[in-house]
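Going down the list, the protein sequences come from chains A and B.
Numbering-wise, the first sequence is residues 1 to 384 according to the working numbering.
Numbering-wise, the second sequence is residues 1001 to 1370 according to the working numbering.
I should point out that these hints are in silico values taken from the structure, not numbers from a laboratory.
It cannot be assumed that every hint is accurate.
[Said to hold, decoys possible] If you want the footprint, here are the derived chain A segments under chain B, 3+ residues with CB under 8 Å:
1) 130–143
2) 330–344
[To be verified] Beyond 10 Å from chain A on every Cβ pair, some chain B residues (computed):
3) K1008
4) N1012
5) P1077
6) A1130
7) L1133
8) E1148
9) T1187
10) P1212
11) A1225
12) G1243
13) S1256
14) N1269
15) F1318
[Claimed, not checked] Simulated DEER-style distance windows between Cβ atoms:
16) A:Y228 x B:V1163: 43 to 53 Å
17) A:K353 x B:F1169: 24 to 34 Å
18) A:A110 x B:F1169: 29 to 39 Å
19) A:D114 x B:E1148: 35 to 45 Å
20) B:F1169 x A:Y228: 22 to 32 Å
21) A:R125 x B:L1160: 55 to 65 Å
Note that the Cβ used here is the ideal one computed from N, Cα and C, for glycine as well.
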Amino acid sequence: MKRKAKKTFIIMLIFVSLLCGCWDRKELNDQLFDLAGGIDLDREKRECYLISAQMLIPAKAAEGQESSKSDYFLETSRGKNVYDAIQEMQKYLSRSMTRAHRGNLFIGEALARDGISEILDSYTRDPKSRIRTDLWIVKDGTALEIMKIKYPLEKMPAMAPIKIHQAAGGEVGTSLVEYLIASRGEGSYPTLPVVKMVIKPELGIPTMTFYGRAVFSHGHKLLGYLDYDESHNRGWIVGLIDSSVLTVEAPGPVTGFISNPKSKMQTTLLKSGSVKTEITIKGQITVKENDSPLDLTDESNLMQLQRLFNQEINKEMMQLIHKVQKTLKADVLGIGETVYRQHPHYWKRNRDKWDSNFVDSEIIIHPKLEIKRIGLQGSPVHVK
Amino acid sequence: MKVGVSMKLSTNQLFWLITIMEIGMTALLTISDAFKKSGQAAWMSITLAVILSLGVTYVAAKLSVLFPGQTFAEFAPVIAGKWFGNLLLGSYLAVWFAVGGIILREYSDFVNMSLFSKTPTWAVMLMMIAVMLFCVTGGIQTLGRCSEIIGPFIVGTILLITVFLSKDFHLFRLTPLVPMQGLVGITQGSISVFSFLGESVMVLMLIGFVSPGQRTITAATGGVAMAGILLVVMSLSICMVLGPVLPAYLIYPVYSVVQYVSVMEFIQNIDVLAVIVVILSIFIKLSLYLFITSYGTAKLFRISKWKRMVGVAAAIFFLIAMAPRNLVESQVKFPVFWKEFVLPIFIVGIPLLLLIVGLLRKSRGKLSAP
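Just chain A, same shape as in the assembly (with noise of 0.2 Å):
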């Protein structure tokens, strides 16, 4: 008797565990891996998504040789939300599309102008999509243009701009959760970095660049865009940069590299009523080339140039604050936050009139650089 129900025990265990797998059987073979996407708003018919997607040619990822064809194919259509059009796309995929090791997605601009609430929803919500995710959004242009870029040195064109911005300083992979996070936080409007299609006259054909970052109002809709240098700055400010380059006029240009940069930020309630920012801004400067007359090995000069140094990172600075403040109204310098954090019971009371607040609010730069190396030598050998 015992025996017996030991055996039918064991014999229920292994149908268990066979059945299962059958189930959820997922072959390496049957896979396909889904490496960057792009959505656009479909002109002709509105409320409807256009998605594209770079896939990896198994077969070529796996010989791992240079061939002259691609390691890589672009397939394209059309749904009512981003899952909608996912499961439009696999009728044209003899293999099923794994979501999981996507790590960059494309946003046209004009749906950036219409306002991405919707296709932020699948991305937090499907199990098999990663939340960390870069968003891009591509200026004046469609996501669909950059996917079709041939970049010669990644095998998926699409990685490029997450290399870039990585060359450039910048943090990868967070993009997704701190946009979430900022939507979601105090005051803080949200940004997601840009990437735009270029055409270089003197060499003809498309490329593409990192151009900064785009500002997002509270309804998620596209405020406008910060440069390359404003973004860096940015980035320097709410401390995303590990590094930067300066150049001055000396006279004659002077360029340092900024390494270690820092950023300390120091808000007062005024009697008024309003808040001011203080924002000191540290780093130390590499000399990296001398195109003065200046020998740098004289105390004296070196000063000059550290002050100059300074007075350069202060105006770009206030350019920066400046468009923020007034142009585009948006606190993206977390100085909300910073306010919260310093100051939580004025922030309570007051936080739902930061949005106007923030616009006349006064902001001081403290620059605080020191140039801590000059290179191998004192002046320009060749200047007399």
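Given the structure of chain A, go ahead and fit chain B onto it with the hints provided.
Okay, now just chain B, sitting in the frame of chain A:
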């Protein structure tokens, strides 16, 4: 009934059993709730919940130690009178059956979400029940030995994931340290966590198997404290990575944050580790519930061989697990019932009352050692 080796627990085993049983579901399902109510002060809510559940565990353990070598099924009639004691035992068993079934359901929902799509829920449940049956029929010591291996593994994995995440930590996301939702928010945020951690009242049924005279109470409360510390660590790292607002919108913030891990673009997509931790933890928890329900039912109906009840109890678990029609019933409505009904009465009220009665009667010498 002859008490064999298979019915003995060491204090070490008790410690790990409690730690494992407390960590899995609580981390998975209640952290989101704490963030909803108290934002960046979620870790304070969780700390408060841990302190409260340490108190509850202490009461339950103290009560059990009054009757060395006896479980709740045996000493309830002694302390509260035969009729009322059996009524108490019966209602506790009902609660344990219910929560066991619901946990089985929540487990299969989670596994289905993270790993499968076509596999029916009942198959996932049957797999788990099969393993539970295999383990529980071996006696409580089989479970204890399992926990001595699984426990350190779980703790190690959680610490490893925390280390992997640490490069994405932003300390400033924890500020302002002043809880903006006030003490009310912190307390409200702690109730969910407390109601899950409070499941440690099941030590009432476990301490009887630990040989008397050891530091049993320390082991039981230590298990809760260990799980509590891990929970606080998890909530801190979630807050430092995802900020205080996002986790409130996610059903499984722990799972989402593990998906976020990326070290040098190389160690990525390790969410399967989180799934393993959850599966192991739930396996121990469900097996414990299966054990105490079948053992308790056998005592209640005076069935001499409790192992005969294991199959029946498993069937009841399965039926209860299949009952909820959707995720809202199992993951929203049942926890509300648990929080508003089971927590005040079965987790806090009755054990405290019984302890007071037990202590009074003991001091008057009416309860003699068996």
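Tested hints:
{"no.": "1", "hint": "130–143", "result": "holds (count 3)"}
{"no.": "2", "hint": "330–344", "result": "holds (count 4)"}
{"no.": "3", "hint": "K1008", "result": "holds, 24 Å"}
{"no.": "4", "hint": "N1012", "result": "holds, 30 Å"}
{"no.": "5", "hint": "P1077", "result": "holds, 32 Å"}
{"no.": "6", "hint": "A1130", "result": "violated, 5 Å"}
{"no.": "7", "hint": "L1133", "result": "violated, 7 Å"}
{"no.": "8", "hint": "E1148", "result": "holds, 24 Å"}
{"no.": "9", "hint": "T1187", "result": "holds, 19 Å"}
{"no.": "10", "hint": "P1212", "result": "holds, 33 Å"}
{"no.": "11", "hint": "A1225", "result": "holds, 31 Å"}
{"no.": "12", "hint": "G1243", "result": "violated, 4 Å"}
{"no.": "13", "hint": "S1256", "result": "violated, 5 Å"}
{"no.": "14", "hint": "N1269", "result": "violated, 7 Å"}
{"no.": "15", "hint": "F1318", "result": "holds, 13 Å"}
{"no.": "16", "hint": "A:Y228 x B:V1163: 43 to 53 Å", "result": "violated, 35 Å"}
{"no.": "17", "hint": "A:K353 x B:F1169: 24 to 34 Å", "result": "holds, 32 Å"}
{"no.": "18", "hint": "A:A110 x B:F1169: 29 to 39 Å", "result": "holds, 37 Å"}
{"no.": "19", "hint": "A:D114 x B:E1148: 35 to 45 Å", "result": "violated, 58 Å"}
{"no.": "20", "hint": "B:F1169 x A:Y228: 22 to 32 Å", "result": "holds, 28 Å"}
{"no.": "21", "hint": "A:R125 x B:L1160: 55 to 65 Å", "result": "violated, 28 Å"}
Consistency note: the structure conflicts with the earlier hints numbered 6, 7, 12, 13, 14, 16, 19 and 21.
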